[in-house]
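Student: Residue numbers (our numbering), protein chains in the order written: chain A, 1 to 300; chain Z, 1 to 305.
Misleading hints may appear alongside valid ones.
Said to hold, decoys possible - For lysine to aspartate or glutamate, the following DMTMM-like pairs were computed, each having C-alpha atoms within a straight-line distance of at most 20 Å:
no.	chain 1	residue 1	chain 2	residue 2
1	A	Lys36	Z	Asp294
2	A	Lys180	A	Glu85
3	A	Lys180	A	Asp91
4	A	Lys180	A	Asp165
5	A	Lys36	Z	Glu156
6	A	Lys52	Z	Asp92
To be verified - Selected chain Z positions facing chain A (Cβ under 10 Å, derived; list incomplete):
no.	residue
7	Asn40
8	Arg49
9	Cys65
10	Pro73
11	Leu80
12	Pro84
13	Pro90
14	Gln93
15	Thr94
16	Val98
17	Leu105
18	Ala110
19	Leu182
20	Gly186
21	Leu195
22	Leu298
By construction, these hints were calculated from the structure, which means they are not laboratory data.
C-beta: ideal position from N, C-alpha, C; glycine also.
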Amino acid sequence: MPGALGGGGGAVYDRGYRPYEGPRGRRGAATFALFKASVRRALGLRRSWRQKVAPFTLLAVVTMPAIVNIGVGYVTRDQLTDRIEIITYRDYVGVSSALLLFIAIVAPDVICPDRRQRVLPLMFSRPLVGIDYVAAKVGAIVAILFAFSFIPQMILFIGNMLVSDSALDYFTGHLDVLWKVPLSVLVLSVHYAVIGVAIASLTDRRIVAGASVIGLFLVTSIASGVLVGDFRPGEGSAAALINVLALPLYLRDVIFLGHIDRGSPLGGVATGGLFALVEFLAVVALGLVVLWRRYRWTEH
Amino acid sequence: MQTGPLFRLESLTKRYPGVTALDDLTVAVPRGLVGLVGANGAGKTTMFRLMLGLARPSEGRLEVCGIDVAADPIEVRSRLGYMPEHECLPLDQTAADVVGTFGELSGLPARDARQRASDILDLVGLDEARFRPISGFSTGMRQRTKLAQALVGDPELVLLDEPTAGLDPVGREEMLALVARLGTFGISVLMATHLLDDVQQVCDHVLMIDGGHLVVSGATESLLERTGVVTVDVGSGREALITGLAALGMTARVVDDLVDVTIDGDDDLDRVRDLVAELGLPLHRLTTRSTSLDEVFLRRAGESS
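Just chain A, with the same shape it has in the complex (with noise of 0.2 Å):
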């Protein structure tokens, strides 16, 4: 029987102590641990059920437009001679955009509580630096917004392939979806995660970061919308380019099609393409500055 120490509110039980002897990793661990634990965190996961629920209700309705596409082309398939394709490849990427709400609620739960909370100084007492923290939130918000754009895509691919007259047919017609659609759903989870990271980094308030991000894009899509104004297909603007939340569909639309789509507000724009991919890096390279910013700790 172990021997208590005290009483009161908690005993303090002796059960002795074992120096730990085992493998031990440096930065990279610490990193890969701070991952782990903010997916956990962002997907609700060792929390309440009510955590649970916005992440996955949200996985939910991004899934079903290509629930929607299989349950159509299944009960057609003998029906009709040209499939019926309620959505494309393309079209979904820009579903995708409304996990903008998901990094509103997710992105500020990630973060806002390590400050408000004074968690840091307890992180930043392991092997772990500045950038190793930012590359752990942001590689995590990334890694769900990836995989909840991605998994939608992968289930319209398969199950197009199920439903078509010949899976192989369908299969090595469509090669080029599966290196377009990560790579567009990369861009999106990429521009999305580092802006939501990023505002939310400079609140320990949850609330008010969450609102931040909607703000932002709403505020530069009404903008971007008041300036381009009514246009006719090839005949936009690049005042569309003030569109944050659009500026990842302009880059899928140079993906998929190798230009951009005319019938965009960015369409026939000389060199538009270029000018959002240039857009794309400087938004990202000034989020990371931020957050670098945010979590340089350590004094230089």
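Please build the complex by placing chain Z on the supplied structure of chain A, with the hints as guidance.
Tutor: Below, chain Z without anything else, positioned relative to chain A:
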């Protein structure tokens, strides 16, 4: 068994704009339980930040566990545990999750981290509460969780910043008992506090700083100087003893039902003992009185300023 000093400061100076937090500190401190004593603003937290490699010295050099902190702060941090004074725990997580995660952040594989989290939470007396959210913990339980996260990585040295802050007397005694036991596990402790009683109770070495200056560093016992007074407990025979001592030319007085006798060397001590025997009084206690660390600190700080 590790050898060499626990840490070594060489002309260590840390300046912030408008203030010198630490001023030209040079000292080598042995392994074991070490108290870092000083008033608020004395430079204790700055010392911890420098030891963790989270701040860089303005001048001088700092070596912890044989490693130059400026050269390899990551290696130093992998050998240290840190328990801050302030609230620092994620309140919506369980103690098991928090301690396990910090075990992984210390570089332990996930499975080992979870196992050690369980063991350490047992050790600090939170075995039954480990799956409860920390938001429902009392101050004492939160302090133990903070200690557990500092220990989960099996550190060579653990930095404790005011570990008894906010604890009731029972909780304080339990925390000090735990700290005292860390030494038997081979873990060195640097305990920052302004409560000199805590240091006197558990630490075998004391480092005193005041206003960024080193006041004194030494073994606790060596700092506690004899006062030239012995305390004698002879029950109800106090007056008889005082009369007898006066006949021998010695001065004595009653303090809190005990007799304080002023002596001059060990011969006087023998004379007190012999007198008690001669008078047939029961001798419950005969102790020499030492100065407290408070007195040492006040005197040395006064001398150095």
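Student: Each hint should be assessed against the structure and marked as holding or not.
Tutor: The hints, checked one at a time:
1. A:Lys36 <-> Z:Asp294: violated (48 Å)
2. A:Lys180 <-> A:Glu85: At roughly 18 Å apart (the allowed maximum being 20 Å), Glu85 of chain A and Lys180 of chain A satisfy the hint.
3. A:Lys180 <-> A:Asp91: Within the cut-off at roughly 12 Å; holds.
4. A:Lys180 <-> A:Asp165: violated (24 Å)
5. A:Lys36 <-> Z:Glu156: violated (26 Å)
6. A:Lys52 <-> Z:Asp92: holds (14 Å)
7. Asn40: Not OK, violated: Asn40 of chain Z not within 10 Å of chain A, min 18 Å.
8. Arg49: holds (9 Å)
9. Cys65: violated (14 Å)
10. Pro73: Status holds, d = 7 Å.
11. Leu80: holds (7 Å)
12. Pro84: Constraint on Pro84 of chain Z satisfied, holds at 5 Å.
13. Pro90: holds (6 Å)
14. Gln93: holds (8 Å)
15. Thr94: holds (8 Å)
16. Val98: This interface hint holds because 9 Å falls under the 10 Å limit.
17. Leu105: It holds, given that the least Cβ distance between Leu105 of chain Z and chain A is near 4 Å, below 10 Å.
18. Ala110: holds (7 Å)
19. Leu182: holds (8 Å)
20. Gly186: This interface hint holds because 7 Å falls under the 10 Å limit.
21. Leu195: Result: violated, 18 Å to nearest chain A Cβ.
22. Leu298: violated (31 Å)
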